[in-house]
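> Spelled out from the first residue to the last, the chains are:
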Amino acid sequence: MSRVRVLVGTRKGAFILSSDGKRELWDIAGPHFAGWEIYHLKGSPADPDRLYASQSSGWFGQIIQRSDDGGKTWHQPGTPAGEPTTTPDGMPKGESNKFVYDTSIETGKPLTTHQFYDGTPRPWEFKRVWHLEPSLTDPDMVYAGVEDAALFRSTDGGRTWHEIAGLRGHGSGDKWAPGAGGMCLHTILLDPGNQRRMYTAISSAGAFRTDDGGKTWKAITRGLHSLYIPDPTAEIGHCVHRMAMHPSRPGVLFMQKHWDVMRSDNEGDSWHEVSGNLPTDFGFVIDVHAHEPETVYVVPIKSDSEHFPPNGKLCVFRSRSGGNDWEALTKGLPQSDCYVNVLREAMAVDSLDKCGIYFGTTGGQVYASADAGDAWSAIVRDLPPVLSVEVQTLP
Amino acid sequence: MIRVTLPPHLRKLAGVDGEVILEVAGRVTQRAVLDALETRYPMLRGTVREHMTQKRRAFVRFFACGQDLSHDPPDTALPDAVATGAEPFMIVGAIAGG
Numbered sequence: 001m002s003r004v005r006v007l008v009g010t011r012k013g014a015f016i017l018s019s020d021g022k023r024e025l026w027d028i029a030g031p032h033f034a035g036w037e038i039y040h041l042k043g044s045p046a047d048p049d050r051l052y053a054s055q056s057s058g059w060f061g062q063i064i065q066r067s068d069d070g071g072k073t074w075h076q077p078g079t080p081a082g083e084p085t086t087t088p089d090g091m092p093k094g095e096s097n098k099f100v101y102d103t104s105i106e107t108g109k110p111l112t113t114h115q116f117y118d119g120t121p122r123p124w125e126f127k128r129v130w131h132l133e134p135s136l137t138d139p140d141m142v143y144a145g146v147e148d149a150a151l152f153r154s155t156d157g158g159r160t161w162h163e164i165a166g167l168r169g170h171g172s173g174d175k176w177a178p179g180a181g182g183m184c185l186h187t188i189l190l191d192p193g194n195q196r197r198m199y200t201a202i203s204s205a206g207a208f209r210t211d212d213g214g215k216t217w218k219a220i221t222r223g224l225h226s227l228y229i230p231d232p233t234a235e236i237g238h239c240v241h242r243m244a245m246h247p248s249r250p251g252v253l254f255m256q257k258h259w260d261v262m263r264s265d266n267e268g269d270s271w272h273e274v275s276g277n278l279p280t281d282f283g284f285v286i287d288v289h290a291h292e293p294e295t296v297y298v299v300p301i302k303s304d305s306e307h308f309p310p311n312g313k314l315c316v317f318r319s320r321s322g323g324n325d326w327e328a329l330t331k332g333l334p335q336s337d338c339y340v341n342v343l344r345e346a347m348a349v350d351s352l353d354k355c356g357i358y359f360g361t362t363g364g365q366v367y368a369s370a371d372a373g374d375a376w377s378a379i380v381r382d383l384p385p386v387l388s389v390e391v392q393t394l395p
Numbered sequence: 396m397i398r399v400t401l402p403p404h405l406r407k408l409a410g411v412d413g414e415v416i417l418e419v420a421g422r423v424t425q426r427a428v429l430d431a432l433e434t435r436y437p438m439l440r441g442t443v444r445e446h447m448t449q450k451r452r453a454f455v456r457f458f459a460c461g462q463d464l465s466h467d468p469p470d471t472a473l474p475d476a477v478a479t480g481a482e483p484f485m486i487v488g489a490i491a492g493g
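These protein sequences, in sequence, are chains H and R.
For the first sequence, our numbering begins at 1 and goes up steadily by one.
For the second sequence, our numbering begins at 396 and goes up steadily by one.
Simulated from the structure, these hints should not be mistaken for laboratory data.
Mixed in with the good hints, there may be bad ones.
25 Å max Cα-Cα, derived SDA-like pairs, lysine to any residue [as the list claims (entries may be wrong)]:
| no. | chain 1 | residue 1 | chain 2 | residue 2 |
| --- | --- | --- | --- | --- |
| 1 | H | Lys12 | H | Glu125 |
| 2 | H | Lys127 | R | Pro483 |
| 3 | R | Lys450 | H | Glu125 |
Please build the complete structure, drawing on both the sequences and the hints.
Listed below in structure tokens is the structure:
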């Protein structure tokens, strides 16, 4: 029977929740890296026992952790204890927590500043890794989306990291500015049918696509409309909260923007709104059913100034038509006095039949539905605030 | 022999209990102690000092002999009591928050 492994990043450590295919009884392991912020952890599609985790702290900075046994044990891939820190010829060995922006002339147009909150130029400064996206085919290749916004890649299992500088060199980087949560690159979508195509989203710069493996990038924001920027239809400045796609249709993208749920049917070249009958179209998460490319999930949040569900009722909304027509899914979810948030990385789906849907809250609950959202129950209720949820479907 | 105390998160990261004992050849300075620490425990690189600038991270403090040495230049000699091992060089996570 198949199994699932739910990888949960929280403000105070990582937890791994495991169950068989029934998804009724759960084993809770953790906290791993207790006391540290775990913005994200994710498994390799090519080797499910290979996991990567972003561990960070306002005091001690960024750490990258790797597991080769499904999360039982972890190590920092670039800095094994007790080994020399230099190669025999004296060169420093890779360090897995070293993220250095590319400033070389050879690799494009490296930038030195972006806009700060007050519009003044600000040098790029690495703060943390928000998102880790392992390659679909190579367990040793993994992408990292970081704050201040940039895209990095490791091809040696996380030992060393190199910036894909073409993104910051897009030509608009000096206009990027942080949102309230920081200027983070939080979404990385890999096209399973085209290894050279990739999508990224940056809060609050916008969304970008490469068709040449990261060398050049195009802003994909046509059709977005944001009243909180001087020109609501500008190419740059839209606060994209999350994007999702179904692997069978990588040209169809769904987006939860700061306000508005959006859809693109042409690889992001243009977008149209599909908020439809949602009670509010503000929110953070969005995801797609594993077997139904037109079935989409969001969790509406009241507003940008009130980050909790409308009327204290936690609802997932599901559209079976790719947007516009949404139904509230409430069975098993709190329908009174609920004032949690669901952050942008905190929803995922498994690929069992029926599809399982999972999300975590800032109140420390991780909810699961084993029937595509019809009914929900909490796997755990009292974790630290949940930052991210990922799911692995295992044989 | 130099004695170094680490905050709990870094002790766990380095896999050590209690104080760390280091040998520092030559003049005992903040930089020399941190260099020796990072050589012995490479997983701590970037956690006490920034990778590129080698500056102390903002919320890390250095105490010894009842003094806050955080703002001393990194090549200033540490107190004799630290150099002889009589007192530890303390790396501390600054109090922040309520």
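> If a hint holds in the structure, say so; if it does not, say that too.
Hint-by-hint comparison with the structure:
1. Lys12/H to Glu125/H: Distance ~24 Å between Lys12/H and Glu125/H Cα, so the pair holds.
2. Lys127/H to Pro483/R: violated (30 Å)
3. Lys450/R to Glu125/H: Status holds; Cα separation ~14 Å.
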